[in-house]
Structures are given as C-alpha cells and as structure tokens.
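Chains as they are written, first to last, in the working numbering: chain A, 1 to 314; chain B, 315 to 538.
Hint data in this document are derived by calculation from the structure and do not stem from the laboratory. Treat the numbers as computed from the prediction; the structure is a model and nothing was measured. We put the CB at the ideal spot given by N, CA and C, even for glycine. Some clues are possibly wrong.
With a cut-off of at most 20 Å between alpha-carbon atoms, the simulated EDC-like pairs for lysine to aspartate or glutamate come out as follows [stated by the list, open to error]:
(1) A:Lys150 <-> B:Glu511
(2) A:Lys162 <-> A:Glu304
(3) B:Lys474 <-> A:Glu93
(4) A:Lys204 <-> A:Glu180
(5) A:Lys301 <-> B:Asp373
(6) A:Lys287 <-> A:Glu153
(7) A:Lys150 <-> A:Glu7
(8) B:Lys345 <-> B:Asp513
(9) B:Lys427 <-> B:Asp409
(10) B:Lys385 <-> B:Glu352
(11) A:Lys233 <-> B:Asp455
(12) A:Lys233 <-> B:Asp330
(13) B:Lys317 <-> A:Asp191
(14) B:Lys471 <-> A:Asp213
Selected chain B positions facing chain A (in silico; Cβ < 8 Å) [said to hold, decoys possible]:
(15) Asn360
(16) Ser508
(17) Thr529
(18) Leu530
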Amino acid sequence: MSNNYFEIIRAGINTTFQDKGRNNLYHIGIPFSGAMDNRNYLLANRLVGNKLDLPVIEFAYQGPLLKYNGDAITIALAGDVIFKIRKKDNEIEGNCYENYQLENGDEIDILSTNKSVYGYLAISGEFDLKFQWGSCSVNTKANIGSNDGKKLENNQKLIISKISANQQKKKTNYLNSKVENIRVIKGTNFDYFSEEGKNNFFEKEFTVSKLSDRMGMRLNGPEIENIVNTNIKSEGLLKGVIQVPADGNPIIMLSDHGTIGGYPKIGVVASVDYDRLVQISPGSKIKFKEIELSDAETLFKLYEMETQNLLSQI
Amino acid sequence: MIKNISNLGDAALYCDFGTEVNKQINSEVIKYFNTIKEKNIEGINNLTPSYNKLIISYDLRVTNFKEIKDKVEKLNVKEALKTHSKNLEIPVCCDALFSLDMERLEKKLSLTKEKILENFFNKEFFCYMTGFIAGMPFLGDLDENMRAQRLETPRVKVPKGSVGITEQFADIYTFESPGGWNIIGNTPLEVFDSSKEKDPNLINPGDTVKFKQITLEEYKNYNE
Numbered sequence: 001m002s003n004n005y006f007e008i009i010r011a012g013i014n015t016t017f018q019d020k021g022r023n024n025l026y027h028i029g030i031p032f033s034g035a036m037d038n039r040n041y042l043l044a045n046r047l048v049g050n051k052l053d054l055p056v057i058e059f060a061y062q063g064p065l066l067k068y069n070g071d072a073i074t075i076a077l078a079g080d081v082i083f084k085i086r087k088k089d090n091e092i093e094g095n096c097y098e099n100y101q102l103e104n105g106d107e108i109d110i111l112s113t114n115k116s117v118y119g120y121l122a123i124s125g126e127f128d129l130k131f132q133w134g135s136c137s138v139n140t141k142a143n144i145g146s147n148d149g150k151k152l153e154n155n156q157k158l159i160i161s162k163i164s165a166n167q168q169k170k171k172t173n174y175l176n177s178k179v180e181n182i183r184v185i186k187g188t189n190f191d192y193f194s195e196e197g198k199n200n201f202f203e204k205e206f207t208v209s210k211l212s213d214r215m216g217m218r219l220n221g222p223e224i225e226n227i228v229n230t231n232i233k234s235e236g237l238l239k240g241v242i243q244v245p246a247d248g249n250p251i252i253m254l255s256d257h258g259t260i261g262g263y264p265k266i267g268v269v270a271s272v273d274y275d276r277l278v279q280i281s282p283g284s285k286i287k288f289k290e291i292e293l294s295d296a297e298t299l300f301k302l303y304e305m306e307t308q309n310l311l312s313q314i
Numbered sequence: 315m316i317k318n319i320s321n322l323g324d325a326a327l328y329c330d331f332g333t334e335v336n337k338q339i340n341s342e343v344i345k346y347f348n349t350i351k352e353k354n355i356e357g358i359n360n361l362t363p364s365y366n367k368l369i370i371s372y373d374l375r376v377t378n379f380k381e382i383k384d385k386v387e388k389l390n391v392k393e394a395l396k397t398h399s400k401n402l403e404i405p406v407c408c409d410a411l412f413s414l415d416m417e418r419l420e421k422k423l424s425l426t427k428e429k430i431l432e433n434f435f436n437k438e439f440f441c442y443m444t445g446f447i448a449g450m451p452f453l454g455d456l457d458e459n460m461r462a463q464r465l466e467t468p469r470v471k472v473p474k475g476s477v478g479i480t481e482q483f484a485d486i487y488t489f490e491s492p493g494g495w496n497i498i499g500n501t502p503l504e505v506f507d508s509s510k511e512k513d514p515n516l517i518n519p520g521d522t523v524k525f526k527q528i529t530l531e532e533y534k535n536y537n538e
C-alpha cells in the first residue's frame, strides 16, 4: 500500500474523478461521461508530464481543499481557477497552466472557478482508482466508476499508487475564451417549431439556469413555440443535443445525459464549441448561431489542431 | 430498411426506419445495430437503437459524416442475421407497498385491480430498447385497454426495481430515478449489474419478457 495520499479537508460542490470517458455503451443506457472540458483535461495532464488519458480531479464552482501526505509530487491546474498552495512557511497564489511541487504537509486550496464552471487538478502520477469499461469516470446516476460512482466527500483519503518524480517546471499561456456565441447545427425536429420560435432560437438571448449540472444545461428565454407535437417517440440522445420540452425551455444534453429521450430536438451544439459551452456558468447569457455541417467539420479539425499545438508547446 | 439517413449534429448519423412503433420495424433497427457492432467500423464510437431509429455516433477526429454514411449504405445486413434473443421471466410483487399508482390506474383505465394484473401478467412483452438510465428496458406492447398516459406530475424519485406502464409500454427502473410512469409493482431482481462488464443488462433489445407475480413473502425472501 502506498503512503502517498491526499486528505480531503473540504470536498467542494461537485468534485469527481474523470478521464477520457467511456464509449460503445449508449445502447445499454450508459453515457459517455468523462471530463466535461476535454481541452483543459488534456492540458492538465500534459503540465504534469502524464499520459494524456490519465484520471484527473474535476471540480465545479468551488473546488476541494486537499492536504498532501507523502513524497514530493508535481501538480497542475487547468481552467480558470483561483487557488492557493500553502506550504509550512508561506502561501502561494496559484496560476493555472503552471505546475507546482507539493511536499509532505502542503495544502492546496481550490477556492473557486472564475466566471466559468469546471476546473481540473492533475498530479504527476496515478490515483488508486477503480476502472469500469476502461474508465474511472464517475456516473453518479448508475454508481459507475471510481469512488463507488459517487462524488468525493470530506475526510476521504485519495490514495496515490504511483508517482512520476522529478518533473520539470512547466508553464504555458492559455486564455479560456469567454465568447458566448455557441454554434448549432439544426436538429432533426427543427421544423416542429413555429417560424417565430425558430427565429427566437437563433436571434434572441437565453440565460443559463441554476438547474444545470453534468447531465444537462437548462436555459430560460423567449418562447420556442412547438406547432407539431411536444413529444416524439423516444430515441437516442448525444451530448450537445438541444431538446425543447413542452414548457418551451431548451435543455442541452451534457456528458452524463440520459441516453434516450422523447422531446423534440431543435439543434445540436457543434463539437468545436462543446468545451466552451460547458464552461458557461448559470446566470450567463448564451446566443446560438446556425452553422452548416461542413463548416462544423472544418472548424472542429482546426480546433483539434489548435489543441495539439497547445499540448506540443508544453 | 433505413428510409432516410441524416446528420444529428456533426458527429452522428440519424438513421430513420419509419414513424410507427412495432416489432417489425424495431427488429430491422436491431439487425442494423448488430451488424454494425460486429463490423467494428473504424471511428464509430456508439450506437443507440430505439423503437424506429438508430443513431450512430462517431469520433470526428477520425472520420466524418460522409465516410460513415457511405459505409452504412454499403452494409449487407442480411448476412448478419444472428439473433441473440432470450426468453426471460421477471418476478414482480404488486403488494400495496409497491403498486404506487394502482388506484390511479383503476380510474384511468376503468378496470379493476384484478383485471389490470391479469392483463399484465398474461402478456408476453418484447424488448424494444434499453437506456435512459443504465439497463432500463422498454417493453411492449400492452393491449389497447391497458394504455394510460404518464403521471401529470412526474415523481422526483421512483424507487429502484419499480415496474411501470405508460401507453403501450412497460419498463423497469434499474436505479432510483425521476420518472412519470404508472408504477404497478417492484421486482427484487437486479436488472442491471455493472460488475458484469461484458453483459451488464439482464434484458436486451429483441428479448422476450414475461412477468410473474410473487407475494410479498416471496419478494422478501428472494435475495436470501
């Protein structure tokens, strides 16, 4: 048994282990899960010299306060996060996209995400975690993944099974985009909505509701009138699908979504904008912009190239 | 046969097999599902069969809409007509402790409790799809006189194991979950087992299911 571990003094609101997620399980009702903001997940791993698919700690809004016990280890945070590192004799204001060395007894206090939702903490090494279907990602609904499929709680110990020592100082400059325009491809039930409803959808602003989580983002805004049927025969869902139930308030499916749903699909968020979408916090405005499939494909390729570029610079 | 293939966003194919819900159309969906699964086509990372649609998700880093559409259109589905279907018996206890909506159903359907249970337990169900929550089976078809609408206000928590009906369908809540189906009983069986990674679902699309009524006593002793 390893003697290296974090003690959770404060777990934070929505702190879970996440990695690349699970594939090929939609047909049995298990969603993709995985880190919500994939680019920041990859960057966090790269900053500590890890393989890019290793588990990290994901938190939302308020992050955890962790006390470290063990041999020296390197950590890094990605996202837009306010945090401190407390050492025996001093306290450091932490910067995202820069790695730090933790010694026995040091504390890392992740106070909050800044005008965003999710942040990531990576360590140079591996946590001792249970994997199901090749992923440690937690699905709290079906209690799948590490930590018995549950969020992390106060006083837990997070055992570290392996440390990759002697990491170099690494640092990069990356600014998370805060543009609130989200590009959307028309959905399979786009014509279920009135002309005015369709226009409202692409021209007016929506507000992100507090009832948003890893399963879905609920929006409030102008009426999107359904003129055909407020239900469809239940069928598959994907992350990014925007359903409009009878009350007219759109819900965007996020990484832990139910795999089947029966509300009309007005649109689907373009893959290029998914990482940015999940970071839009409750109370913020969102505006949808129509995009064609071919443009969405091209833009995603560019986004991927940019991600690879960012990673190669670290 | 697939009537139309369109895109659902930029990372999935939406295969439309028709608008009706029946065994014949659903069997076509499942046939395609099994064929594509066996073919292991590069880039495809998820398949979601439902009553009359099949959604094929792919990794946009590896492939794109046109490539996957071409491959699906060229598939020879006849060659993979393997059926994996099973016949299953699921014990259900309809004690008042579990049949949360029986009174409501008696009114909605204008049938007595005895008649509702008789209809339900005599029926042989077909599994159209699984999902929403892990392992939840969507089973059909109930007779016309057994078809009720969902609850007007869905429950915030439906207990694990609950067996519910709505329209022509029955389902089983594999986990505690919000839900609006009319609950008539509860099964002590584990319908989803995440420790069995190869085959976590007890009931899979294409399977045949009959429910068997058990007493509260039998329910309590079931897992001992």
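Against the structure, the hints come out as follows:
Under the criterion of a C-alpha separation no larger than 20 Å, the hint pairing Lys150 of chain A with Glu511 of chain B is consistent with the structure, at around 19 Å. Restraint check: the Cα-Cα separation between Lys162 of chain A and Glu304 of chain A comes to about 30 Å, which exceeds 20 Å; the hinted pair is violated. Distance check on the hinted pair: Lys474 of chain B and Glu93 of chain A sit about 46 Å apart at the alpha-carbon level, beyond 20 Å; violated. A C-alpha spacing of about 12 Å is found between Lys204 of chain A and Glu180 of chain A, which places the hinted pair at or below 20 Å, so the restraint holds.
Between Lys301 of chain A and Asp373 of chain B the alpha-carbon distance is near 11 Å, which keeps this suggested pair within the 20 Å criterion. A distance of roughly 36 Å separates the Cα atoms of Lys287 of chain A and Glu153 of chain A; the hinted pair therefore is violated under the 20 Å criterion. This hinted pair checks out: Lys150 of chain A and Glu7 of chain A have alpha carbons roughly 17 Å apart, not beyond 20 Å. For a cut-off of 20 Å, the pair hint linking Lys345 of chain B to Asp513 of chain B stands: about 19 Å separates their Cα positions.
Between the alpha carbons of Lys427 of chain B and Asp409 of chain B the distance comes to roughly 11 Å, so the proposed pair stays at or under 20 Å and holds. For the suggested pair Lys385 of chain B and Glu352 of chain B, the alpha carbons sit about 14 Å apart, so the restraint of at most 20 Å is met. Taking the CA atoms of Lys233 of chain A and Asp455 of chain B, the gap is near 14 Å; set against the 20 Å cutoff, the hint holds. The suggested pairing of Lys233 of chain A with Asp330 of chain B holds, with an alpha-carbon distance near 12 Å, which does not exceed 20 Å.
For the proposed pair Lys317 of chain B and Asp191 of chain A, the alpha carbon gap of about 19 Å is at most 20 Å, so the pair holds. Distance hint between Lys471 of chain B and Asp213 of chain A is fulfilled; the C-alpha atoms sit about 18 Å from each other, no more than 20 Å. A cut of 8 Å between beta carbons decides the hint on Asn360 of chain B: the least distance to chain A is about 4 Å, and the hint holds. Look at Ser508 of chain B: its Cβ gets to within about 5 Å of chain A, closer than 8 Å, so that hint holds up.
Taken as an interface hint, Thr529 of chain B does not check out: its beta carbon lies about 30 Å from the nearest beta carbon of chain A, beyond 8 Å. Because the smallest distance between the Cβ of Leu530 of chain B and any Cβ of chain A comes to about 27 Å, over 8 Å, the interface hint for this residue is violated.
Comparing the model with each earlier hint shows violations of hints 2, 3, 6, 17 and 18; every other hint is respected.
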